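> Each chain is listed here by its residues.
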Amino acid sequence: MRASQKDFEDAMNQVKLLKKDPGNEVKLKLYALYKQATEGPCNVPKPGVFDLVNKAKWDAWSTLGNLPKDSARQNYVDLVSSLSSSPEPSSQVEPRADEKPAGYETLVVTSEDGITKIMFNRPTKKNAISTRMYEEIMLALKAASEDKSALTVLTGIGDYYCSGNDLTNFTDIPPGGVEEKAKSSHILLRNFVQCFIDFPKPLIAVVNGPAVGISVTLLGLFDAVYASDRATFHTPFSALGQSPEGCSSYTFPKIMGSAKATEMLVFGKKLTAGEACAQGLVTEVFPDSTFQREVWTRLKAYAKLPANTLRVSKNIIRSREREKLRAVNAEECITLEERWQSEDCMNAIMNFLSRKAKL
Amino acid sequence: MRASQKDFEDAMNQVKLLKKDPGNEVKLKLYALYKQATEGPCNVPKPGVFDLVNKAKWDAWSTLGNLPKDSARQNYVDLVSSLSSSPEPSSQVEPRADEKPAGYETLVVTSEDGITKIMFNRPTKKNAISTRMYEEIMLALKAASEDKSALTVLTGIGDYYCSGNDLTNFTDIPPGGVEEKAKSSHILLRNFVQCFIDFPKPLIAVVNGPAVGISVTLLGLFDAVYASDRATFHTPFSALGQSPEGCSSYTFPKIMGSAKATEMLVFGKKLTAGEACAQGLVTEVFPDSTFQREVWTRLKAYAKLPANTLRVSKNIIRSREREKLRAVNAEECITLEERWQSEDCMNAIMNFLSRKAKL
Amino acid sequence: MRASQKDFEDAMNQVKLLKKDPGNEVKLKLYALYKQATEGPCNVPKPGVFDLVNKAKWDAWSTLGNLPKDSARQNYVDLVSSLSSSPEPSSQVEPRADEKPAGYETLVVTSEDGITKIMFNRPTKKNAISTRMYEEIMLALKAASEDKSALTVLTGIGDYYCSGNDLTNFTDIPPGGVEEKAKSSHILLRNFVQCFIDFPKPLIAVVNGPAVGISVTLLGLFDAVYASDRATFHTPFSALGQSPEGCSSYTFPKIMGSAKATEMLVFGKKLTAGEACAQGLVTEVFPDSTFQREVWTRLKAYAKLPANTLRVSKNIIRSREREKLRAVNAEECITLEERWQSEDCMNAIMNFLSRKAKL
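Protein chains in written order, with my numbering: chain A, 1 to 359; chain B, 1 to 359; chain C, 1 to 359.
The hints are simulated quantities; they were obtained by calculation from the structure and are not laboratory data. Keep in mind that this is a model prediction, so the values were computed, not measured. Certain hints may be false.
[To be verified] Okay, the calculated beta carbon distance ranges per label pair: (1) A:Ala143 x C:Lys304: 42 to 48 Å; (2) C:Lys46 x B:Ser319: 53 to 59 Å; (3) A:Ala301 x C:Arg322: 43 to 49 Å.
[Stated by the list, open to error] Straight-line C-alpha distance at most 20 Å; calculated EDC-like pairs for lysine to aspartate or glutamate: (4) B:Lys254 x A:Asp344; (5) C:Lys324 x B:Glu323; (6) C:Lys304 x A:Glu321; (7) B:Lys125 x B:Asp159; (8) A:Lys148 x B:Glu343; (9) B:Lys324 x C:Glu323; (10) A:Lys254 x B:Glu321; (11) C:Lys270 x B:Glu321; (12) A:Lys324 x B:Glu343; (13) A:Lys324 x C:Glu343; (14) B:Lys270 x A:Glu284; (15) C:Lys254 x B:Glu284; (16) C:Lys304 x A:Glu343; (17) A:Lys324 x B:Glu331; (18) C:Lys300 x A:Glu321; (19) B:Lys304 x C:Glu321; (20) A:Lys6 x A:Glu105; (21) C:Lys324 x A:Glu331; (22) A:Lys254 x C:Glu321; (23) A:Lys270 x C:Glu323; (24) B:Lys300 x C:Glu321; (25) C:Lys324 x A:Glu321; (26) B:Lys304 x B:Asp166.
Ideal Cβ placement from N, Cα and C applies to all residues, glycine included.
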């Protein structure tokens, strides 16, 4: 049953009584859902680039696209309800044992119904990938490739799918300086991408929200990508003085043609879920309100197909390209190592981190 | 007096009007005499040992040694004359004469307005491809590649375009058992797909209704695909313990990206005509009510373009990939030979056939 | 006293402001002195004998032998100084100074806001590409590849983007006859397409109106393509007895799948801007009424991204394919040389020109 107007008004009152500031991210979301529920899709002109606050609000509202008013109302009520009941945000250093089996700090991994599910679990960091998280994902993929499940799924906990490489990784500069950091990052990245290239079973992304950077570029190595209509796909490499990775310099032009791929990878155009689907990066888009239910119903059905046949069929499609993809990965990482030491990149990261420090 | 060129042409026309299939033995002899009469002694390299059809034709032609052209012409005329007057062919097949010119049992083939039209003609079997039909399609493609038409079209008679491989093919197990059956099926399939890879003129599918299995996967080798909005595209390989063929493991990811290709080829998602068109597998979709009229109007216009230019342009697009496609075809067939002997596959086919037996 | 770095840079800026074309002889000398001043003695391999433009430049540079860098700088400054004060260039071309800087007869080239804009300027000929225009586009691309702009844009002045190869080029038959004409056209075309394959910065097409023939096929080599909804995309090669060029026999099937590519390239289907966008040939379509405003706003924003990063990212996407594309280009040109001498082609061009003569 959908939330009534009364539920909606109750929720609005509850917001005023919240004991803790829910943070800007959540407040923007509440703002957006309120506008969508009362006025429908965003109908005001985009604020100027320097009008930061209004720009953020406009973005939040626009992101909801054509979400129906009653879905927005329902989501608003659900979000407020979750805020009122959530006790304390759990620090990522203190994992609750029931949620993080196998000793993962940054992931939750489960396996049932023939599906191994690897969930990014740094929601307060928008699931940005820390150095530790890179390593844990590699371990989890290794384990999933050897377990009995038919399918392996990656998804995010919280609002984001994954916001990409955690730029604070770059602040942890070793005694060898930037050059050594660039070199070790190169090796980590290459090994990480390699795990996706070589993964032997159907690998599926359930993109529950915005995806940024490497979490986008890797999608070309997945066998199916299901997205909520709330998801966006953004690879702002050039603004950061960086260049594409995850084999995207090869897979994206192959999937969508170079005229579309360049706009994403070189000019940093952000795609909606619908656009990403039209261009073949995403298999299918679902309304956010029914996303989880529809996707898992479908995946459970697929997981009942004969597991060995699935593996054979995936590999007849993929194995032919593996050598090529390994070469692409190596080449992209060499270029990135160079980029990371460029002025363009250092300036961009410095700016990003100093802006962040001021907030 | 020796047969004149005119007698020879009359005899060729008479062959097309034969009311009964003269059988493969006679057809091979006609082929050989025709080649000898027009080109002289066999002058082409011997086909590979597994290229059965071409091997048989090559053998027949070679057998004629240095028989002079005019003797060959005379023998051809005599042989046709004997066929036309012979009471009953020894073949056990009983084709209806009006529907099956040129002796095809499972096809109707016509040629007019610059278009050779190969029609699947097992409507009561949803145009499922029997072993005989595989062979006849190969013969029809060979003939079409050598005739004067500008375009070659494949389409289905009845409600279906084609329901794919006839699973009852698997019940005809030879003395060598499943292993031998898998081996011979491998060879048949590889030769069949090869005919599509090598076809030298624009090859067009007119998909009048549902398409299943290999009739779908082959579409990546066609130069244009027009579909009725009643058509669907379904490759339920995994449920049958099988893996993709027809070069689809290569062509589909190239056409639609791997996120869409995997859902079809590995998870067996059925596509509507509109979806198949959006994903580039289909050139254009037409309402069923006007489908035939619109498509043939367009094709007749295309067939008026200079035939040799069409052939050259097709080949500059396609020839670059032929070697790759041959390797893909070989690889897919090796995998399938293995799959056909797997438990997954045998269980699935057993289930299918026993369900069918109960009906 | 020797010319300082500052004098040198001033001289470079002065060159851009020259009101009259100094002629190819002088431009080659400027090129050579610039290279010598910045890179020292000629250090690149000698271009092939048919690569006329690069050969001329290489010759000019090589001629300077071991001239020291600072002498080259001084000579450059002196030469520019003499040009700025010289009354009239000796060139027989009579460009209108206000519209045609740098002496282009068929183009207008500007450079501001980080964008070099190469505009086709034969609006009364629907911007058909004459032999001279092929050469000027090559020169303009060469210059753009070396200037400081971040992006290079091609667009058309007037109603058309570009109507393709000017068929009257075929009427200028040299003493060697059609065979010699076909041979020289082959070389011109190959060099022309090569410039697009090798272009090192993001290359963008702003398709303001109908595009025909080679102006369409080249789009697969652009990094982004923005189109007015008035634009159409038409490659009527078969009707002219010709075959696809501009690497389209490779890029188009890659971008849109062969079922869509063949209909364009072989059957000459004309696409609307919307269709071309759905098929990945076009990045985005805008209403004609706001086209120029929206596109340039976007491009100016993109041009603010770090120029070197853009160049690196373009090349990681493109460089991997360059060798392949060069081979495709060579192959397409060989086929076309043959086509141009075919009856199909000669008849078609004769018809076209005689129809034109009657108008």
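> Which hints, by number, does the structure contradict?
2, 4, 6, 11, 12, 13, 18, 19, 20, 23, 24, 26
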